[in-house]
Amino acid sequence: MGPLLLASVLFYVAGGVASLLLWRSEAWAIRVGSLAAVVAGALGALAVIPVLTTGHAYLFSTAGPFPFAAFNIRIDPLAALMVLVISLVTIAAGLFSLSYLKGYLGRGAAAIGFFMNLFIASMVMVAIVDNAFYFILFWEGMTIASYFLVVCERDDAAVDAGFIYFFIAHAFSMLVMVAFLLLFMETGSLEFAAFRAPAPPTWLASIIFLLALFGFGAKAGMMPLHTWLPRAHPAAPSNASALMSGVMIKLGVYGIIRVGVDFLGASTAWWGWMVLAFGAVSAVLGAFYALSEQDIKRLLAYSSVENVGIILMGAGAGMVGIATRQPVLATVGLLAALYHLLNHAAFKGLLFLGAGALLDGLSTRDMAQMGGLGRRMPWTALCFLIGALGISAFPPLNGFIGEWFTYQSFFIAGHGADFAGRLLGPIAAAMLAITGALALACFFGAWGMIFGGAPRSERAEQARETPAPMLVGMGLLAVSCVILGLGAPLIAPLMSDVVAALAKSGSLQVASGMLVFAGDPHQAVVSPPLIAVLMLGLLTLPLLIAAVYRGRRPASRITAEPWTSGYQHTARMTVSSGGLAEPLRVMFRSVYWLHGREEPRRAGAAAVANLTAFATRVEPLWDTASTRLATQVVRGTGRSLQTLESGNLRTYCFYIFLALAVLLLAVAW
Amino acid sequence: METALLLLVGLAQALLLLLVAPLLSGMSRVLRAKFQSRRGPPLLQDYRDLGKLLARGEVIPAEAGAVFRIMPYVLLVAMLLVAMAIPALTTRSPVSATGDLIAIIYLFALGRFFYALSGVDSGSMFAGIGAGRETTLAVLNEPVMLLSLFVVALLAGSTNLGVMSASIFAGQTPAFAATAMAMVAFAFATFLEMGKLPLDLAEAEQELQEGPLTEYSGRALALAKWGLYLKQAVAAALFLGIFVPVGAAATLAPLPLALAAVVLALKLVVVFLAIAFVENTMARIRFLSSSRLIFVAAGAAMLALAFSLAGV
Numbered sequence: 001m002g003p004l005l006l007a008s009v010l011f012y013v014a015g016g017v018a019s020l021l022l023w024r025s026e027a028w029a030i031r032v033g034s035l036a037a038v039v040a041g042a043l044g045a046l047a048v049i050p051v052l053t054t055g056h057a058y059l060f061s062t063a064g065p066f067p068f069a070a071f072n073i074r075i076d077p078l079a080a081l082m083v084l085v086i087s088l089v090t091i092a093a094g095l096f097s098l099s100y101l102k103g104y105l106g107r108g109a110a111a112i113g114f115f116m117n118l119f120i121a122s123m124v125m126v127a128i129v130d131n132a133f134y135f136i137l138f139w140e141g142m143t144i145a146s147y148f149l150v151v152c153e154r155d156d157a158a159v160d161a162g163f164i165y166f167f168i169a170h171a172f173s174m175l176v177m178v179a180f181l182l183l184f185m186e187t188g189s190l191e192f193a194a195f196r197a198p199a200p201p202t203w204l205a206s207i208i209f210l211l212a213l214f215g216f217g218a219k220a221g222m223m224p225l226h227t228w229l230p231r232a233h234p235a236a237p238s239n240a241s242a243l244m245s246g247v248m249i250k251l252g253v254y255g256i257i258r259v260g261v262d263f264l265g266a267s268t269a270w271w272g273w274m275v276l277a278f279g280a281v282s283a284v285l286g287a288f289y290a291l292s293e294q295d296i297k298r299l300l301a302y303s304s305v306e307n308v309g310i311i312l313m314g315a316g317a318g319m320v321g322i323a324t325r326q327p328v329l330a331t332v333g334l335l336a337a338l339y340h341l342l343n344h345a346a347f348k349g350l351l352f353l354g355a356g357a358l359l360d361g362l363s364t365r366d367m368a369q370m371g372g373l374g375r376r377m378p379w380t381a382l383c384f385l386i387g388a389l390g391i392s393a394f395p396p397l398n399g400f401i402g403e404w405f406t407y408q409s410f411f412i413a414g415h416g417a418d419f420a421g422r423l424l425g426p427i428a429a430a431m432l433a434i435t436g437a438l439a440l441a442c443f444f445g446a447w448g449m450i451f452g453g454a455p456r457s458e459r460a461e462q463a464r465e466t467p468a469p470m471l472v473g474m475g476l477l478a479v480s481c482v483i484l485g486l487g488a489p490l491i492a493p494l495m496s497d498v499v500a501a502l503a504k505s506g507s508l509q510v511a512s513g514m515l516v517f518a519g520d521p522h523q524a525v526v527s528p529p530l531i532a533v534l535m536l537g538l539l540t541l542p543l544l545i546a547a548v549y550r551g552r553r554p555a556s557r558i559t560a561e562p563w564t565s566g567y568q569h570t571a572r573m574t575v576s577s578g579g580l581a582e583p584l585r586v587m588f589r590s591v592y593w594l595h596g597r598e599e600p601r602r603a604g605a606a607a608v609a610n611l612t613a614f615a616t617r618v619e620p621l622w623d624t625a626s627t628r629l630a631t632q633v634v635r636g637t638g639r640s641l642q643t644l645e646s647g648n649l650r651t652y653c654f655y656i657f658l659a660l661a662v663l664l665l666a667v668a669w
Numbered sequence: 001m002e003t004a005l006l007l008l009v010g011l012a013q014a015l016l017l018l019l020v021a022p023l024l025s026g027m028s029r030v031l032r033a034k035f036q037s038r039r040g041p042p043l044l045q046d047y048r049d050l051g052k053l054l055a056r057g058e059v060i061p062a063e064a065g066a067v068f069r070i071m072p073y074v075l076l077v078a079m080l081l082v083a084m085a086i087p088a089l090t091t092r093s094p095v096s097a098t099g100d101l102i103a104i105i106y107l108f109a110l111g112r113f114f115y116a117l118s119g120v121d122s123g124s125m126f127a128g129i130g131a132g133r134e135t136t137l138a139v140l141n142e143p144v145m146l147l148s149l150f151v152v153a154l155l156a157g158s159t160n161l162g163v164m165s166a167s168i169f170a171g172q173t174p175a176f177a178a179t180a181m182a183m184v185a186f187a188f189a190t191f192l193e194m195g196k197l198p199l200d201l202a203e204a205e206q207e208l209q210e211g212p213l214t215e216y217s218g219r220a221l222a223l224a225k226w227g228l229y230l231k232q233a234v235a236a237a238l239f240l241g242i243f244v245p246v247g248a249a250a251t252l253a254p255l256p257l258a259l260a261a262v263v264l265a266l267k268l269v270v271v272f273l274a275i276a277f278v279e280n281t282m283a284r285i286r287f288l289s290s291s292r293l294i295f296v297a298a299g300a301a302m303l304a305l306a307f308s309l310a311g312v
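Residue numbers (this note's numbering), protein chains in the order written: chain A, 1 to 669; chain B, 1 to 312.
Next up, chain B with everything else stripped away, as it sits in the complex (with noise of 0.2 Å):
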């Protein structure tokens, strides 16, 4: 009975994080005219952006093969199951099957596997570099990603991400500093999961025409893009259930609940906020230098594991 609810818990997680995906999206466009001094789109405009290229024919390159076909959703696939999986509204993982920190950085890299094979499937030179640029980035973003969240499970004694998120909440975790260093490495890990500026390398949109996503259109594209909007969303949220669970539901009670909802949604409005603020204020990284600033944030994942040894 409480596996069901929990299942249900995840779905209407799930379902929140893709509704609410491209309006936070919309909100980074608003924000980025603000600070660009422009008027800018409307709140809701990626909304009629995806209902528009969902009315849309499509139009395929001759050479482009089932991969290109298919990448919609497998991308948008794995990125619910993460959704499903993460302890966002409660302090549990929804489906502990699947809620554990490997399975879902393993399900990151399905979606970017699948993202970066479509843009050389594509058959277009831009998609195919902004398709190894994504999975260049994963080689040097996998390891600080698992290392940062592996200090967080030890400290928790558990891999499972609500365990995680729990202990945390309950504030048991018994080296602070520890905690706050993988918070950074794992901070940076996220920003880079979501292909924001200074790192906006595999999409680049001045440079690459938006990398593997050059040759899609019509719905197609409407769902490659409403699946890359989710994955941000995902990130982000992630993030917050694990290193900041404020306000999640520690009961399966509607109303707590639905508090845990609107908690929820503020706190990937003000993580939105601050990446439009770092977004905007910085100017694309080169490609070939950044895995630099990344051995930093691999730099902080070490220094938590250290930190953690030490109990502090």
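So that you can see chain A by itself, here it is in the shape it has in the complex (with noise of 0.2 Å):
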């Protein structure tokens, strides 16, 4: 397995690097780029899949050029599951960008096949290095190559967000090195195996706690430090949002864990509070905003805030069980965080290719220009829908068995001898089932808006179906939500032996037959291959009423438009999206109202940075005017030229016959 994940990651970085090289004729550039992460994605799932199924970790070492810090690898079974992760969005979003990346042909292609492979190439390096130098590395490297992802654009918008994203990225990845460096001044070492072996007094391990939750928190989208994650996700090409938002955001929760659980231990109960507060917070208001965004790739970055949420109000539950010495709560608390994560990359980057093949056919984001797609590209509609249905959390879907997870941590916290567990957990669980249902409302409204009804634009209604490698991305995740959700009886243990290994604890049965339970069946069971099954066994139910008076049913019958109350239908008598968003916003002012008071203040800050910076430029006196002067003489000879275009035919047709006449005056000459 270690070897063949080395082949992996070379595969990555030889892709990157051949893409670049083959910067002349991009169209091979793109195909190398793309298929060599396909095939090193598909190595590194093959590579990790051993791991999770036997549950052994997998160990190499080699000295390195640094005599600080040796080279460590340790693929164990969260590592594995990172590694799965990566993987897995990596060989859909490789497959997507065959064909996505003909749009940036010109533009850099090269170089994003470039940076593409770079990044994750940096990604299964941090998840699977043991010691805290490389780590930083590699962490660096992953915030870099996607940096140069956001940027690509060129444009106004996609250079801020590059800014906002490369300072937040860095102003907290400052708090994991602190962390790092306090469990080096602690053990002496940079090794991880080190980290884990004594416990620091509990004021130290709190200090270090708190540092690795800011730090990971900031990269993971959590509130209050996600106000980068709505700019740049949307900035990235497609396929490098569907990396970000789907993996990248996921290395973050992964640092939490790693630091809070697996090298601290869990020890005190206030920090699993504490990540589920900030995880409640993240999932609710994130939740609110994506309800309220036009874009729909800021829709997707915002849920992207909404998810990490509910992955960290798992992980909180877990922590919580840990630190009271309840083994279940851990065990059902940390499976449904790392389900959820295993299915948000799923899901989010499905939808995310989605938005990728809607801006490649549409060219825009807005989806006050789309409406009526589900005729014209009935297969992206139908990847869309599983991939909202998927997030809406609906039964037998792979959300669902998620969020389920994470509602029965909840009802073990509410049913344990812990006051604090009694209270929060049910107030957890009710903000967790706000959270779904306004992702439900969210997802309608997206749907709805992008796929339903009449098209609202020009480019709507003339869009075509998305090219076949593109749909074959999104298939393939789209596959891969429907059988998470009904492999959940095979896929469930497999994620509790994970926790075990995490939390040094037992392993708990989590699933017989074809039922799914968190520990204990008396207290519940669900299973989603019967709930299929019965679904489709019922669907027979209608069609059976359906089939009466078959025979004697007139056919039906398509009018031109939908009825208007009788005045002449319009393309305008539609409902927008923020329209069917309006409700919650009155409804909900003040959490909108905590959003845009915001938005003076920002506005306020750069009106006075443009004022300093214009007040204390350095005046290069001889530069201004002799440009000034070259530009005025440019601009002047333009414009009196300009008058030659009259926009009159009469006008033109005398230049011709002058020129004509010029030109025969020579030749005679």
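Think of the hints as simulated: they come from the structure by calculation, not from any bench. Among the hints, erroneous ones may be present.
Unchecked claim - To be clear about the criterion: a stretch of chain A counts as covered by chain B if any three or more of its residues have a C-beta under 8 Å from a C-beta of chain B, and this derived list gives those stretches:
no. : segment
1   : 374 to 382
2   : 391 to 398
3   : 411 to 421
4   : 435 to 442
5   : 451 to 460
6   : 526 to 536
7   : 544 to 556
Unchecked claim - Label pairs and their calculated CB-CB ranges:
no. : chain 1 : residue 1 : chain 2 : residue 2 : range
8   : B       : 311       : A       : 270       : 24 to 32 Å
9   : B       : 35        : A       : 364       : 48 to 56 Å
10  : B       : 250       : A       : 522       : 14 to 22 Å
11  : B       : 5         : A       : 270       : 47 to 55 Å
12  : A       : 56        : B       : 311       : 30 to 38 Å
13  : A       : 513       : B       : 286       : 31 to 39 Å
14  : B       : 250       : A       : 366       : 54 to 62 Å
Beta carbons: idealized from backbone N, C-alpha and C, even for Gly.
Hints are included, so try docking the two chains, each in its own frame, into the full complex.
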């Protein structure tokens, strides 16, 4: 498994470099870069599956060039899960980019391939290195590679987004470094193995945990450190957004779990509650802000904030379980977090690729410009619908299983002896219910606005089905969504083993036969495959009812337009996504007001910054004068030449006649 | 063997609710007419309406897509699955694989998602506005539903609806006030789920021409309407099954089951009578102020949680 994973990483790097070297023929650069990513992703998945099924960690160590840090690789089940998540989205995004990156021909497609592959390679390395120095190294590599992907459009919005991303990523990776330095001072080693061994005194452990929580939390998009996310993810090309939202932010969660649970043993209960609280705030507010977005990629980015919140809620419950010595709560909470992490990678990757397909076909991210695409791009609509159903947590798809385990962890907390758990467990469940309902409203609006009803613009009117490679990439993730849901009785035990290895506890039985349960089958069981079978079986009933009078019923008629109380129907007589979300905006003013209040302050700060920049600039007088002169001359000449362009056809005929006359005269001479 | 028998009971229960649903809605129509001093339609009018619509061809807007066409089927399947899983005839959940409160709430949400989406997909603005209202109400109502049932589940020690029902049936609940408060909150949530006045906001016949159903006709309208009738019956049966499990069969013998079916029908009639009284004595609430009413229900659910923490 080790050599296979090494080969996978080398494939990424080689694919990236080859893509860059082929910059003269970008079509080949796209093919090489994308296919290398697909192959490397497949190798990576194959490499880590044995770790997940057997539960044995793979260790590899070499001295490395630096005397103070050995180059250690440790593929434990948690790292293996992360590599699997990365590989899954990479394969889909790689297939997708085969045709998607054609839109970037002449706009740096080769460079995108290069940075994409390096970005993925460094994410894989972050998950598997077992040394603080190399972790930071690859963490930075990941940030820088993704920064170049964010700014690749090179317009103002992208550069701004890139700057904010770069700044926040670095400001908060400083906190991670400080956390590791504190651990280094405590243990005298940069090895993660040493970090695991002794427990530092509680106050120091708490400081280290808080540093790690905020440091990694910024990367995860945890509120209130999320501000970079809804700017940076939409700016990147969609295959990169899929990886950033589907995978990269999960590495932030991975960091929190790695430090909080693996290194520090989640020894204090308030750490878990704090993670849960930040998770709950991110989930609810992320969902509220997603709901009011018109830009499909910003909507998906906010929805990522929401889902990271859900993951953190589960992780927090699990950490509380470890600290209060409730092994069932610990396992179910962490299991919920890891299951939702995998699920979110599948459906958010899918939805971002879907947004990419729309962007490719319509050249806009504004949902108000779409509509009616369900009939024009049926396969894209189907894939997007599966993603939307998955993310809204409808049984029997994958999102439901992740959220079900999260609810069960809150139930266990609420049913325990601990008063904090009995109070906060049900409240967390209610918060998750609000989040779920908001996600439903949000993705109902998104699918409806994009694919439902009549087209609302010329572009939407003329849209065509997405090219096949993009559909294959999306289809792969759509199938994963279904499998992760229906296969829960097989997948949940694997997750339980991952948690057991992580929390160093005994394995908990979470499935038997077709049933899934949270440790105790008397508490609750659910069975996604049975739900699916029953749904298919029950479908016969309405079909039978519909078959009544079949022979005598007249055929369906298609009318031209919907009924509008007898008025002439126009394209504007339709709902807008702003209209759909408006009631909630009115009812929950306070939530949006919080958001609105930031805006003027930011505008004011920008104005002050501009003013100071203007006042303090050094004036290179000679340069200014000479360039001004040159521009004035050029502009003046241009303007006087413009008077020739009257736009009058007769004038142009006169010019042609004049030119002809001059030429004839010249020849005659 | 027992699982198979339970599955049959579940199926019977779903069929029973499906067949009774138009009768209950017909009863609502009759009662409404009586309240307004009209003679009103015959009791079985809704069966006739469904039969008539099933025999008619459909008229579909040109821009309506696939979701518009499949919605009636998805709605019926989701509601039938809920009808199979709730403890109505027995004190147990007939299909425990979906008899979990979280699964049930999300199955309701699945039906609602497609119902609302079909409104937008039809391209009609009335349907679209109704759809927006439907999802808005869901955002407000789902937390109330979940929290009130969660409190009952914590008291019963299981999120399985059957266990919750059995624990109330046996009078074992350790906190009476908490259960009563949860019942009040869930009664409100059920009422809202049924879409009756004064919260008949998504369909709002006089304002929105039946909301998402605006563009439906013929067979599809019949199925969608039947789905909505079933949803009302199932929501009422869910409330009765958990909080008023009187008369439910403790064993799977035929006689107690038949008796339970009769009692269930009577309980449903009582619930619909009570609802008829509420809906015919009130005017529709303004949509934007409906949140205040629902916040009261959310407060009741929170109070139930507080009572359960205090153990009263």
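Hint check results:
| no. | hint | result |
| --- | --- | --- |
| 1 | 374 to 382 | holds (count 4) |
| 2 | 391 to 398 | holds (count 4) |
| 3 | 411 to 421 | holds (count 4) |
| 4 | 435 to 442 | holds (count 5) |
| 5 | 451 to 460 | holds (count 5) |
| 6 | 526 to 536 | holds (count 6) |
| 7 | 544 to 556 | holds (count 9) |
| 8 | B:311 with A:270: 24 to 32 Å | holds (25 Å) |
| 9 | B:35 with A:364: 48 to 56 Å | holds (52 Å) |
| 10 | B:250 with A:522: 14 to 22 Å | holds (18 Å) |
| 11 | B:5 with A:270: 47 to 55 Å | holds (50 Å) |
| 12 | A:56 with B:311: 30 to 38 Å | violated (47 Å) |
| 13 | A:513 with B:286: 31 to 39 Å | violated (51 Å) |
| 14 | B:250 with A:366: 54 to 62 Å | holds (59 Å) |
Consistency note: the structure conflicts with the earlier hints numbered 12 and 13.
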